[in-house]
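The lines below spell out each chain.
Protein chains: 2
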Amino acid sequence: MGTVGTGVVRGFLERGGYLLRRSGVSMQLRRICDRHANEPHKGLRIDRSVLTTDVKQVLTDPEIDIIIELIGGIHPAKEYLLEAIRRGKHVVTANKALLAEEGEAIFRSARQHRRLVFFEGSVGGGIPIVKALREGLIANRIESIYGIINGTTNYILSTMDQMGCDLRDALGDAQRHGYAEKNPRLDLEGIDTAHKLAILVLLAFGRRVPLNAIHVEGITQLSGHDIRYARQLGYCVKLLAIAKRAQNRLEVRVHPTLLPSRHPLAAVNGVYNAILVRGDMAGDQLFYGRGAGQMPTASAVLADTVQLAQQIIGGHIMPPLEEERSRGARRLKPMLDICSRYYIRCTVTDRPGVLAQIARILGRHHISIASVIQQERQRARSVPIVLMTHDALERDLRLALGQIDRLPIARQPSVAIRMEEL
Amino acid sequence: MGTVGTGVVRGFLERGGYLLRRSGVSMQLRRICDRHANEPHKGLRIDRSVLTTDVKQVLTDPEIDIIIELIGGIHPAKEYLLEAIRRGKHVVTANKALLAEEGEAIFRSARQHRRLVFFEGSVGGGIPIVKALREGLIANRIESIYGIINGTTNYILSTMDQMGCDLRDALGDAQRHGYAEKNPRLDLEGIDTAHKLAILVLLAFGRRVPLNAIHVEGITQLSGHDIRYARQLGYCVKLLAIAKRAQNRLEVRVHPTLLPSRHPLAAVNGVYNAILVRGDMAGDQLFYGRGAGQMPTASAVLADTVQLAQQIIGGHIMPPLEEERSRGARRLKPMLDICSRYYIRCTVTDRPGVLAQIARILGRHHISIASVIQQERQRARSVPIVLMTHDALERDLRLALGQIDRLPIARQPSVAIRMEEL
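Going down the list, the protein sequences come from chains A and B. Residue numbers for the first sequence follow the working numbering, so the first one is 1 and each next one is one higher. Residue numbers for the second sequence follow the working numbering, so the first one is 1 and each next one is one higher.
Treat the hints with care, as some may be off.
Where chain A lies over chain B, by a calculated footprint (3+ residues, C-beta under 8 Å) [unchecked claim]: (1) 9-21; (2) 65-73; (3) 185-191; (4) 291-300; (5) 320-326.
Residues of chain A clear of chain B, computed beta-carbon distances all greater than 12 Å [what the hints assert, rightly or not]: (6) R134; (7) R331; (8) T347; (9) I373.
In short, the hints are calculated from the structure, not lab data. Keep in mind it's a predicted model, so treat the numbers as computed, not measured. We treat Cβ as the ideally placed atom computed from N, Cα and C, and that holds for glycine.
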């Protein structure tokens, strides 16, 4: 009975008839387990006999077919779910951290007990992206996924872009609007995005990726300057979750990324999420919507519950484990081996020939320059030089930036942001 | 074995193992019925015993569980499907005209014989929009749908916008690229869009709308001038399929529409399609992708076929008819009663006071002006006056334009294009 749980209960109470009419199955909300079961529940007319603080009353009730887990976090959600599955219950969850970190144990146990686990609400809020990847695009070999899947950071980046403000002000604004938590670390550092990406990679590539194998950079180092230069160059900056095949390896990474301003992903602003999926048959598809919030996530949880109920009554096959659905043994590409275009900003002493020095170092590392903005001098005789490169190796780029930053003309560490042309 | 059929066959032949691995069910392509069964088939290795020109060999074969209909048009597709259903076969079709015009007979017969009809490929090509409306958003009351669902017209409008050319040149370009047919009437006049909209309305609102009850305007009257003025005003022009609730009535219409340039729908260019769905729980969702073409549509058809096969083997309930899933008796709002903002372009004699005359007529009809562009004089002493109105009644607007066009200063009939702020 947290935020999403309250939305789900509201859905059951207020549109039971609607759900029955649309699905053809009748569902009963049998029990709500909540630590604070004795507190009033936000205007909902809940029969008190349904409420309990004792999880055993849910786990051991033989009348219950489906458990909906909306606790969040790993413990005790994991233990409850495993116990529920052992006792023959099907499961709906929106717990991205749990699935990203402990999904294997849960899916294996479900398979062993021939029970289903649905989790549409775990990625993209109300967007039916799990359904699209598992069912709608089932005939496709997925080439790549690019996702804006954290509403907090997207709101902050949109605000920085539109208001021309810095991260700190945009974060404060997001907190005032309830779009960022008091401790926003999981969002800002990209960890929440990585959790969701791990789930998408499992669905799209049949590959379980441990979180520590994902290269994750958040937005904490992003400066308003770079967002403004990007815009001048026809790009916008988004925190992107990326998974793509490249030379028979799989790249899986989370970092701020420059995208062409004309691409539909660039129009995804505020707390909205979007996932671009490139399938070999369907081509590019984009799924856009509210990525979090009470009713959007409840919409996904209810859809899962309805589908489970239909399958319990009508019958169903046990679908293969995701790892078995695609040839899953694909190796991950080490971050240093990826190939990308880069946006680079160097802050150097304003002196004739500095651009030549930088260009020479880049050239020596096989990095060629696509375009340059050299701004007018600012105070302290330092000047920003902004470059966009052609495709280059991450390894080469890091070596080159290291050399540039050791030049006597370097006034601040260089900034590099990866680009995707999409 | 037309365009899409060839794609579906290719899918079965080339990724049978992949489909089995991903779905858990084994499917066999039993028969292909094609008028030209004796011609070579585009490099596909088809067992000749599978090919036939005799549709009875498909319809009467008791081993066949699923019929995939990719003939197009009403006859004989309708008769074949009804016969197949009578003989106990489930159906996959991508035939939008058939479903829009004769869907009722087909769905009722399917229900009577307890057979399923899947039709993901009929709207939006490979985009899983049917699945999203039937399953992913099942808990939502849908408020509105806005769709760019005809790739040909969207390609033409994008070309007119980007190249600054007129309809005829853009159409020629589309035909050269294979994006428009030799006889492009069904696309240009909005009829194909209306077919697809009728299917979306059935799914979203449980309401069967006869085609002649849909207000349909195509793009044949659109001038490049209006696209350029719209852009100056911060809008773009799209051929939009619209269905929305308004004061307990349902509006269903197809016409060119001005959309704010910053909205994600405005970023849908070329042959891409997108459908914006507004649900009361999930909020705005947008589904974007290739709306036609061999492999995108084949992707949808294969997904339907896989799901059907899973349900045949695993079991399933008979879902309610779409008309029963929502309270479907909602009345349509007559076009004259709709309320909209309007873009208006009048071409008048360049003389002091002409704007005042136009504004007076609009005001008399309760139409207030939000903004104006008055351009410099062109040849023949005529000048365009471009206005955007606040919300107004269609009935009032038509009366006002009639009066304006009868003014002595009027040099050409006025142009009016509806706007959606989204």
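Verification of the supplied hints:
no., hint, verdict
1, 9-21, "holds (count 5)"
2, 65-73, "violated (count 0)"
3, 185-191, "violated (count 0)"
4, 291-300, "holds (count 6)"
5, 320-326, "holds (count 4)"
6, R134, "violated, 9 Å"
7, R331, "holds, 20 Å"
8, T347, "holds, 32 Å"
9, I373, "holds, 25 Å"
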